[in-house]
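Engineer: Residue-level listing of the chains:
Protein chains: 2
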Amino acid sequence: MALFSSLTPAFIAIICILLGVILKKTNGEKEKRETKSKPLSRPWVDEDLKDGTDHHLEEEEFDEEWQGLDENVAHVPFFAERYSEAEMIKRSQMFYELLNKRRSVRFLSHEPVPREVIDNVIRTAGTSPSGAHTEPWTFVVVQDSYLKHKIREIVEEEEEINYKKRMGDRWVNDLKRLRTNWIKEYLDTAPYLILIFKQVYGQLPNGKKKTHYYNEISVSIACGILLAALQNAGLYTVTSTPLNCGPQLRVLLRRPANEKLLLLLPVGYPKKDATVPALTRKPLEDIMVFM
Amino acid sequence: MALFSSLTPAFIAIICILLGVILKKTNGEKEKRETKSKPLSRPWVDEDLKDGTDHHLEEEEFDEEWQGLDENVAHVPFFAERYSEAEMIKRSQMFYELLNKRRSVRFLSHEPVPREVIDNVIRTAGTSPSGAHTEPWTFVVVQDSYLKHKIREIVEEEEEINYKKRMGDRWVNDLKRLRTNWIKEYLDTAPYLILIFKQVYGQLPNGKKKTHYYNEISVSIACGILLAALQNAGLYTVTSTPLNCGPQLRVLLRRPANEKLLLLLPVGYPKKDATVPALTRKPLEDIMVFM
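From first to last, the protein sequence lines are chains A and B.
FYI, the UniProt record's numbering numbers position 111 of the first sequence as 111, with every residue one higher than the one before it.
FYI, the UniProt record's numbering numbers position 36 of the second sequence as 36, with every residue one higher than the one before it.
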């Protein structure tokens, strides 16, 4: 106790002030948490710490059907196409059979693909619903060989680091079984690379930031529709989420700071000797619960 | 300074120990942040604080194509259907036209829908790619009137609180323009409610938790495919993310603790007098960048 007895009052005062500041901060954080009186899902939390586009939009935790928020938007009658029950069953069966042929293909050929098809699949993805009709997506389609190769260099360099340093043993073992590594030839060979960016915020006419509610879920849903459109057109891809490359690829492709890379899809035809892992899908009873 | 001079050594000791603990904690957090040497996207971070299923899976921040990780999975030749260029253009155009007719519809009729169509659209959603082929989705299809009404009660009660207390003025004003409120009749009238849960983790044969990589993006992509399948079958829905209801609905539907509600889709035919907001979609040049 000798140490404490010899402390000067001034030093004690400094300690108390410091303690006060720290406790206040801690309480402030606690309070902030407690105001969340109910569990909240925050799909837009993005922890990309170095990209300078982090936004914690606490006030936007809400629910709403994903419709538009245009000022004074009019409501108009809606007329839907109606099929017979037999047609519905047949159409749903055929669509299932078509989509069930989709596989992630890592071996894509050089063969060119009509640009018009790419335009159409992107248009189709753009019909997706989005939080508050913000349509928070940018589809960057890269056909230029030089750019594709630059993308490959960035992705492979980061991947090699991931494989060698960042990934845990378990994951590296999993990868060994998949016989995959950081070499991604398809980034050169695919006629198109589609890089999908989520716009984490937009701009209001007055220059202020406009929140893009649920941007990640919205853009992912749009990507699901894009995958369906690609499959319908006879094009193949592999869904990839290039770790750590987002900021570099954003700069390379000159996208603004409010955009963050979500997915990278190389698009083309499978090579003649393409292979896929012999995977199966869960049967209906394992994914659906009927009540 | 009289206050500090009169402090007993024992009290000073307590203060110093507290200070030490707090500083240590603060440093620990800082250190943790700094070990993230590169920007990392963590789509699986879920801040649902009360559901008891939080998992911060630091080691799983990685990139990989979304293929399967079954042990020693064989690779097999892949043969893709091939269309002529003219067919591809036509198919992609027709699919765009079909999907472009999709609208979020809040006014759904009581008319029954063939169960087989529902089975097929869920099967189709199940063809989605997923992080490491974890297929981390559960589609709960509710047809039972009592359950639908219970769901409505839970959602409306929370929504009313949201509207009245939690949402900011800006959002409430936006909603006024949309003429929407917390009354969600479609939860009773739609012949089916599809509640989509993401499985944030699974179980290995040895009982240990199995990470579901990128579960939220994966399940959202599957929902995009589901929306395409519904539209293809002539069924309508409105994409909703019921705020704060996840845990209550999970318990009501007896889903395990590793599952979290992502979306709720009421499914059926539009009512005869259904209306939709007169919204437009961004043109291709506003969503696509070609390089």
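Think of the hints as simulated: they come from the structure by calculation, not from any bench.
Source: prediction; values computed, not measured.
Warning: the hint list may mix true and false statements.
[To be verified] The calculated lysine-lysine pairs, modelled on DSS-like cross-linking and capped at a C-alpha distance of 25 Å, are: (1) B:Lys209 with A:Lys282; (2) A:Lys282 with A:Lys101; (3) B:Lys208 with A:Lys90.
Engineer: Look at each hint and say if it fits the structure.
Structural biologist: Status of each hint after checking the structure:
1. B:Lys209 with A:Lys282: Within the cut-off at roughly 19 Å; holds.
2. A:Lys282 with A:Lys101: holds, 14 Å
3. B:Lys208 with A:Lys90: violated, 42 Å
Hint 3 alone, counting from the list given before, is not met by this structure.
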